[in-house]
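Spelled out, the chains give:
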Amino acid sequence: MNNQTSHPGSASLTPNWFQRNKKTLALLTMVAPAAIWLLLLRYLPIGGIVLAFKNYKIFPKNPTFWNNLVNSKWAGLKNFEFIFKTDQALVAIRNTLLYNIVFIILGAIIPVVLAIMMNEFTKKFFAKTYQTMMFFPYFLSWVVVSYFLNAFIDAQYGVIPAAQAAAGKEVISWYTTTKPWPAIIIFANLWKNVGYSTVLYLAAITGIDASQYEAAAIDGATKWQQIRYITLPHLRTMISILLILNVGKIFAADFGLFYNVPMQNGALFSVTQVIDTYIYRVFLTTGNIGQSSAAGLLQNVIGFVCIMLANAVVKRIDSESSLF
Amino acid sequence: MKSNHRLNTISAGTEAVFHVIIGLFSICCIIPFIFVIIISFSAESSIREIGYSFIPRAWSTETYAYAVQRLPQIWRSYFNSILITVVGTLLSTLMCALYSYALFRPDFKYRNFFTFFSFFTMIFGGGLVPTYVICTQVLGLNENYAALIVPLLVSPFNIIIMRTFFKSSVPLELIEAATIDGSGEYSTFFRVVLPIAKPGLATIALLNSLAYWNDWYQSLLFIKQNKVLQPLQALLMELQNNVEYLNRMSAALGSSAIQEAMRAPTQTLRMVLVVLIVVPIACAYPFFQRYIVAGLTVGSVKG
Amino acid sequence: MKKIVALLLALVMVLGLAACGGQNASAGTPAAGSSSSTSSGSTASGGEPVTLKIWFHGSNVSPEASSKVLDELNVYLQNKINAKLDVIWGTWGDFDQAVVTALAGGDNVDMYFTCNWSADEYNRYARDGYWVKLDDLLPQYGADLLQAIPEGIWECAKTNGYDGMGIYAVPALKDTATQNCWDVNGTLLAALGYNVDQVCSKGLDYYSSDFEEMLRKAKEYKASQGENDFYPLVVEPMVLERLVNYTAIVTGDLPGANVLSYYYDKDHPSKDIGSKIVNKFASPEFAKFAARTYELSQKGFISPSTQNTGTSNDYLTACQSSGSYLIGTQSYAYGCEIDFSNARGIDVRMVPATAPYMDATSGQGAMMAISAVSKNPEKALQFLNLLNTDPYVMTTLNYGLEGYTYNKNSDGTISFIQENRSNYSPWRNGMGNIRILPPTSDEGASYWTDFSNYYNSAEALPYGAFIFDNSVVETAGAAVANVYAEYAFGLCSGATDPNTVLPTFLQKLEAAGINDIVNAANKQMTEFLS
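Protein chains in written order, with our numbering: chain A, 1 to 324; chain B, 325 to 627; chain C, 628 to 1157.
Please note: incorrect hints may appear among the correct ones.
[Claimed, not checked] Short derived list, chain B residues pointing at chain A, Cβ under 7 angstroms:
no.: 1; residue: I334
no.: 2; residue: F342
no.: 3; residue: Y423
no.: 4; residue: T445
no.: 5; residue: V478
no.: 6; residue: T527
no.: 7; residue: I616
[As the list claims (entries may be wrong)] DSSO-like cross-link-like pairs, simulated, lysine-lysine; straight-line CA separation at most 27 angstroms:
no.: 8; chain 1: A; residue 1: K85; chain 2: C; residue 2: K1150
no.: 9; chain 1: C; residue 1: K1002; chain 2: A; residue 2: K73
no.: 10; chain 1: B; residue 1: K522; chain 2: A; residue 2: K223
no.: 11; chain 1: A; residue 1: K124; chain 2: B; residue 2: K522
no.: 12; chain 1: A; residue 1: K61; chain 2: C; residue 2: K680
no.: 13; chain 1: C; residue 1: K1135; chain 2: A; residue 2: K78
no.: 14; chain 1: C; residue 1: K1150; chain 2: A; residue 2: K57
no.: 15; chain 1: B; residue 1: K433; chain 2: A; residue 2: K78
no.: 16; chain 1: A; residue 1: K315; chain 2: B; residue 2: K433
no.: 17; chain 1: A; residue 1: K192; chain 2: B; residue 2: K522
no.: 18; chain 1: C; residue 1: K707; chain 2: C; residue 2: K695
no.: 19; chain 1: A; residue 1: K169; chain 2: C; residue 2: K849
no.: 20; chain 1: A; residue 1: K61; chain 2: C; residue 2: K1150
no.: 21; chain 1: C; residue 1: K785; chain 2: A; residue 2: K57
no.: 22; chain 1: A; residue 1: K169; chain 2: C; residue 2: K926
Simulated from the structure, these hints should not be mistaken for laboratory data. C-beta: ideal position from N, C-alpha, C; glycine also.
Here chain A stands alone, though its shape is the one from the complex (with noise of 0.2 angstroms):
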């Protein structure tokens, strides 16, 4: 593989032109299983976002994808109209982009104070057990969590309406009273995320050379400080590059959350109705690919933006930790 640097000595004496660029060389052939992949398969069909623009309709003549694409009609924007139109879309919009703020907000903290605080823990043995175990709830779909709150909530047979019932209090319909289900949907957010960036935040410790801890401490650097001027700094990157990305992820919603542990209940769809699950419902209803592509690309279009805008924030502060 790496026979263009077999003679070191020779670069020096005759350098032609592969011999000037073997790094790049080098770094290209590293680049390219990836980039091949990326452009076959992502580039290639990328082809398909005039979807939002065209009202796809089947050419029957020779029904090919492509055929069906080019001969359709041009809808203009008429695909988006959809997703402004209506009073439930906008709640939609408005729910998602409060959630995803206390997402992104509490996503960049907690994760962070949990893996620094388990990487003080004298014994290893701790914090592979709680590592482990926080990891649980990513092998866990939506469907499940839904039924394990509800085991806890159901009217029927739940475990809090029945001790509000043993202890004489009014017991609370779950399922129709909207007053509890943002805290439900923040809480249940995090508990599935939070093992996951820990464990990226975990990673990144781990990389940090243990030398600079000791000489810090020789150097009489309490804990904090050592916090404070190693592990943070350290991290920085780390975080920037996550809330990028998740800033870029603020006109969209994980649909089995909002889907799933609702239960789907028309009473609640005040604060739990996001743009994916709106747009779910849309698309039952139309079974339109037009409106649903307008829909995604209008989410990937703000996503980026934000993302640009965010990056360039990043960038002014810190321009090695920026995604570009």
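Given chain A's structure and the hints, the job is docking chains B and C onto it.
Below, chains B and C without anything else, positioned relative to chain A:
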């Protein structure tokens, strides 16, 4: 070493507080899974009487027997899943590491281009149908193992994460030093960089293996006739959907459907299928974790 | 950065065009070939046999069993029509998602299962040009088929498709009528001291005090046995509404959101009572129904589990299979009370709320369409012709091979060989004319005669085979469907108080444009009837 054991650590009190906070959260994380296991061993009749409960009225392994009996292919599918996961994880992790390593190198001429090249696909895509058409009609990903592996090979998200790992753990001086010593790019990568980046590499491998193990969608799209290739997750999803469908529609579907639906333990089945799919991958987890947490206590003194 | 974006865009355009070009070129040749095969006619001709790919729904067929059965069937098909069959055995679990992608992507499949409730909805896909119009082909390639299926069923299959009004799929001659029934737990009813036969023959009135009295007695009876968690009325809320109000589904109503009602005469469904299509929720009947349901719910006759969309189905199944209910709802299928009684271990009675009726919704319950992609639509139709008229083809595809999956009995019935049958169980009702199958020994020799008599007796609704084209109100439909999802289930299950909720619901429906939908439907119906 033993003598300065408590030298560079937080106080015992603080650590106790940490234990309480993290411990409680960890328990929150594991309880639902314990719940799933309990339900999977509950008798369906118990659920009909008292709903999902931590303390069922009766225990039973019947649902497991039902699942295995309904899925004559289950062992073949376990094999498929393992094969796909192992091959897929190896390939995807290698491709990700190579790509992101090049992006991490500040002296790579086309660094910006390729960074954007992968990032762009994280945001914009052609959508399901065009991708499907390319896969089946151009790339021949249809009714074969490749169709289950290739579509998940590259994740731009993982590339960015891996690049960040390189950035935060691999000192550039090391690479320069290796180059001056006459080491080629590939040997530097495999001999110098990867050993340092092990925790990051293990994390990416973990994410990839989970993605492969849990995937059923590629199978839904690409394996329609040659169903012996179905991975476990797809097989289980199909059974689950079948049973729920039969339950909902049995009357309209005729008498055989009614009998079939009545036999199916719908509610416990859901949980049994979770156990069948999660347990093997959960067992593989410590393998990855070894590398992720390996150097974890370097902050304190190894005791 | 700008440069990179520009470069990427350029790249994308080049690639996109290249892909288009490639597709065009490769797809052009077979299309030309199809015209030449037209001449082969209906008789078996020489040359290479054509392979027809067909996609069924709801199957449970193992790959080995499939190839065993198809190998033998294909010998027969080659002799008959010089064609071979290649089957995709879609399952309940994967059909909807896979088929939509395959159709949009132009997969090389000749025939698809379709109907008005699956994801490849017959009318919509006909409108968008996915199915081949069969009217001109049928006399030549499907003459027997045309005879075998009654005129009334063909009428139901006529839809306003891509090439104008016509037949775009072959409807299956199966359970072609709708009848809503009360599902009564006879065992429990007897235990309460009722004369079950008398109660059932008299019928049930949802609004009567007798009805409520029965529920109350059942609840008290169970409570006296220590079962405090018993709810006698276990229903599918949306079915309950249709059953109580005698409303029919308007074919072509919003998928997943039935917002339109058509009222019919419950004893003589074919009688014209001057109905129009109305907004389901704005009618006085609906208000009355919602108030009554809420009342029964408040009295503790309906479980909160029924009222939670997420648990409603599971709860229903659990109650049914343990016989833990007094009254439920059921869309009737011929003979199902016997199957239910056997499966649940109680005396299940079906009490008709209405006479059976026929409309496009029941007529389009299962169909086979020929894809516009098919290079051999004539051959495909020849195959469908055989499937619906040749007992050997139908029996082999449905039941497998004699001696492998079933054995013949002396009385003309068949018995399954269970171990092999469990690996080869397609969905019987989803294929075609099931009335040419031999009855199973469980069903008895006269099964199909009785079956046909029952379904043939069904009257057609006066608006007949009308199909609403909802594509004209797409934007309103999207908005209305979301409002529907928010309120309808709560009202129909008695979870929410109609006094406070119904006015809000109606007002939001109007804001979302329900009236446009109702008007469009009525306009289309007037045109259809004239």
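Handout entry: Pair hint K1135 (chain C) and K78 (chain A), alpha-carbon separation not exceeding 27 angstroms
Key = holds, 23 angstroms
Exercise for the section: For the pair supplied as a hint, K169 (chain A) and K926 (chain C), confirm whether the alpha-carbon distance does not exceed 27 angstroms. Expected result: holds, 20 angstroms
Exercise for the section: Against chain A, run the beta carbon of T527 (chain B) and see if the smallest gap drops under 7 angstroms. Expected result: holds, 4 angstroms
Problem - Given hint T445 (chain B) near chain A, where the shortest CB pair must fall under 7 angstroms - result: This interface hint holds because 4 angstroms falls under the 7 angstroms limit.
Practice task
Would you check whether V478 (chain B) satisfies its interface hint, that is, whether its CB is within less than 7 angstroms of any CB in chain A?
Solution key: holds, 5 angstroms
Handout entry: Pair hint K61 (chain A) and K680 (chain C), alpha-carbon separation not exceeding 27 angstroms
Key = Since the Cα atoms of K61 (chain A) and K680 (chain C) sit roughly 19 angstroms apart, the hinted pair holds (cutoff 27 angstroms).
Handout entry: Given pair status - K433 (chain B), K315 (chain A), alpha carbons within 27 angstroms
Key = Within the cut-off at roughly 20 angstroms; holds.
Practice task
Quickly compare the C-alpha distance for K785 (chain C) and K57 (chain A) to 27 angstroms and report which way the hint goes.
Solution key: With a Cα-Cα distance of about 20 angstroms, the restraint between K785 (chain C) and K57 (chain A) holds, given a limit of 27 angstroms.
Problem - 27 angstroms limit on alpha-carbon distance, applied to hinted pair K124 (chain A) and K522 (chain B) - result: holds, 18 angstroms
Problem - Hint consistency between K1150 (chain C) and K57 (chain A) [alpha-carbon to alpha-carbon, up to 27 angstroms] - result: Since the Cα atoms of K1150 (chain C) and K57 (chain A) sit roughly 25 angstroms apart, the hinted pair holds (cutoff 27 angstroms).
Handout entry: Pairwise hint evaluation, K522 (chain B) against K192 (chain A), where the allowed Cα distance is 27 angstroms at most
Key = holds, 25 angstroms
Problem - Hint check: 7 angstroms Cβ-Cβ cutoff, I334 (chain B) to chain A - result: holds, 5 angstroms
When each numbered hint is compared with the structure, violations occur for hints 15 and 20.
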